[in-house]
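K.L.:
In case you want the letters, here they are:
Protein chains: 2
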Amino acid sequence: MEAMEVQTVVQVTPLGSRSAELDEPEDLEKRAFELRQQLEAVEEQLGKREAGSFEEYFATSYTRLLRDRLPWLVGLLLLQSSAALIMGTFENLLDKHLVIAFFVPMIVGTGGNAGNQPGVMTTRALSRGTFDSHKLHKLVRRETLLALVTGTLLAVLAFLRVLLQYPSKIKEAGAISIAVFLMVNLAIFIGVAFSIVIDRTGADPANGAAPLLTTVADLVGITLLCAVAALLLSA
Amino acid sequence: MEAMEVQTVVQVTPLGSRSAELDEPEDLEKRAFELRQQLEAVEEQLGKREAGSFEEYFATSYTRLLRDRLPWLVGLLLLQSSAALIMGTFENLLDKHLVIAFFVPMIVGTGGNAGNQPGVMTTRALSRGTFDSHKLHKLVRRETLLALVTGTLLAVLAFLRVLLQYPSKIKEAGAISIAVFLMVNLAIFIGVAFSIVIDRTGADPANGAAPLLTTVADLVGITLLCAVAALLLSA
Chain A
1 MEAMEVQTVV
11 QVTPLGSRSA
21 ELDEPEDLEK
31 RAFELRQQLE
41 AVEEQLGKRE
51 AGSFEEYFAT
61 SYTRLLRDRL
71 PWLVGLLLLQ
81 SSAALIMGTF
91 ENLLDKHLVI
101 AFFVPMIVGT
111 GGNAGNQPGV
121 MTTRALSRGT
131 FDSHKLHKLV
141 RRETLLALVT
151 GTLLAVLAFL
161 RVLLQYPSKI
171 KEAGAISIAV
181 FLMVNLAIFI
191 GVAFSIVIDR
201 TGADPANGAA
211 PLLTTVADLV
221 GITLLCAVAA
231 LLLSA
Chain B
1 MEAMEVQTVV
11 QVTPLGSRSA
21 ELDEPEDLEK
31 RAFELRQQLE
41 AVEEQLGKRE
51 AGSFEEYFAT
61 SYTRLLRDRL
71 PWLVGLLLLQ
81 SSAALIMGTF
91 ENLLDKHLVI
101 AFFVPMIVGT
111 GGNAGNQPGV
121 MTTRALSRGT
131 FDSHKLHKLV
141 RRETLLALVT
151 GTLLAVLAFL
161 RVLLQYPSKI
171 KEAGAISIAV
181 FLMVNLAIFI
191 GVAFSIVIDR
201 TGADPANGAA
211 PLLTTVADLV
221 GITLLCAVAA
231 LLLSA
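Protein sequence lines correspond, in order, to chains A and B.
Following the UniProt record's numbering, the numbering of the first sequence begins with 1 at its first residue and continues without gaps.
Following the UniProt record's numbering, the numbering of the second sequence begins with 1 at its first residue and continues without gaps.
Honestly, the hints are just simulated from the structure, not real lab data.
Ideal Cβ positions, reconstructed from N, Cα and C, are used throughout, including at glycine.
Certain hints may be false.
Rough simulated footprint, nothing fancy, chain B against chain A, three-plus residues with beta-carbon under 8 Å [said to hold, decoys possible]: (1) 70-82; (2) 89-100; (3) 133-146; (4) 185-195; (5) 222-233.
Residues from chain A that face chain B, not an exhaustive set, calculated with beta carbons under 7 Å [to be verified]: (6) 30; (7) 33; (8) 59; (9) 61; (10) 110; (11) 201; (12) 202; (13) 209; (14) 212.
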């Protein structure tokens with residue numbers, strides 16, 4: 001209640017009549033802060049009636065929730081099961097070198113994490129300014145260098161990690177290490193490209209596009225690992 | 001520019017002097033909309049100087065970016081490599097029933113997706129209203145029922161999917177199917193619990209907590225699958 005009293009003192013300057021000095025960063029920050037405060041107060045009053053609230057969720061029927069959730073889960077499960085098709089294709093290889101299969105979750109997870117960081121960065125930056133081909137080139141140049149460095153370091157780490165558990169499996173460690181390097185480089189660009197596409201199309205990434213991307217990236221990672229292993233270990 | 005002209009017409013009502021009728025949902029919505037419009041205009045002017053913008057990213061050195069990103073990637077890679085330790089423990093089982101390893105990505109992915117949906121829902125609802133133990137009980141009751149239904153349907157689907165590729169491996173299909181059921185039920189609660197913890201602690205879930213959760217959930221899923229398979233297939 002006290003906060004409300006304080007807020008009444010804040011002088012609201014209509015946008016049209018603002019003075020020239022309001023263009024200073026400090027004044028703009030102050031103005032944005034005031035507006036955010038007012039918006040929060042109004043939204044709090046609205047809170048219980050807004051979309052996405054617990055009240056709305058509790059009022060939604062089970063069948064409605066299932067109809068919203070199940071199609072995605074079913075579709076993604078079937079898509080993810082393609083991993084079994086890919087790995088099944090390399091059954092002889094994996095049967096002989098089971099250790100490759102043991103490191104599938106590590107490759108897949110590292111790809112996801114490596115792609116997520118520049119992806120989140122790009123999404124945030126896109127929501128906070130303009131984007132043009134000049135910035136895109138600069139972004140790609142920077143991320144290429146970062147991917148090469150990151151990929152190399154993680155590849156060395158993965159190599160040592162495999163040898164730690166299986167000291168005699170140097171060839172397998174090499175294949176896993178190369179797959180990590182390729183996956184990190186690929187994932188960073190998938191992350192940036194995906195963020196730009198989502199921004200351009202205006203889709204809500206939380207709504208299924210993100211898990212879809214993760215699943216596709218996972219399948220790419222598994223294919224990469226099996227292909228590299230087949231090349232190195234069949235020789 | 002035209003949009004700016006229009007905005008100057010909008011009458012800004014200071015919060016303190018608003019009339020009683022403003023408490024009507026429609027008026028509150030209108031007021032929130034006006035405030036959001038003004039905030040966006042101010043933020044647009046601020047845009048290029050704000051945290052998270054491309055300008056800020058381009059001004060950040062490579063070493064700074066690597067120092068921000070690498071520790072997470074290294075830590076998560078090492079944590080994810082625990083999957084190889086778990087699967088290595090079940091080496092004899094996986095050697096005899098390689099098909100179990102082929103469906104690890106499907107189990108792990110389905111767990112992630114199943115937990116993500118109620119997790120996002122809970123996070124959104126928490127940001128839009130109050131939360132108490134009554135609502136928590138109701139939420140858990142609803143999600144338990146949803147998890148049982150969702151888990152059962154996905155388990156049947158997984159069973160059929162395994163048989164489609166390996167018609168003779170009924171026991172393996174059964175183990176994978178049971179693991180899917182358990183994983184979905186567990187994942188939904190991990191998702192809800194995680195959202196509540198994040199909300200209480202005020203941490204930014206994008207910052208590493210989310211990939212950490214995913215990784216831990218992945219390891220739980222792999223352990224579940226191997227344990228169920230060991231129980232069913234060793235008999």
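K.L.:
Determine for every hint whether it applies to the structure shown.
P.N.:
Here is what the structure says about each hint:
{"no.": "1", "hint": "70-82", "result": "holds (count 9)"}
{"no.": "2", "hint": "89-100", "result": "holds (count 5)"}
{"no.": "3", "hint": "133-146", "result": "holds (count 6)"}
{"no.": "4", "hint": "185-195", "result": "violated (count 0)"}
{"no.": "5", "hint": "222-233", "result": "violated (count 1)"}
{"no.": "6", "hint": "30", "result": "10 Å, violated"}
{"no.": "7", "hint": "33", "result": "10 Å, violated"}
{"no.": "8", "hint": "59", "result": "11 Å, violated"}
{"no.": "9", "hint": "61", "result": "10 Å, violated"}
{"no.": "10", "hint": "110", "result": "5 Å, holds"}
{"no.": "11", "hint": "201", "result": "20 Å, violated"}
{"no.": "12", "hint": "202", "result": "16 Å, violated"}
{"no.": "13", "hint": "209", "result": "12 Å, violated"}
{"no.": "14", "hint": "212", "result": "10 Å, violated"}
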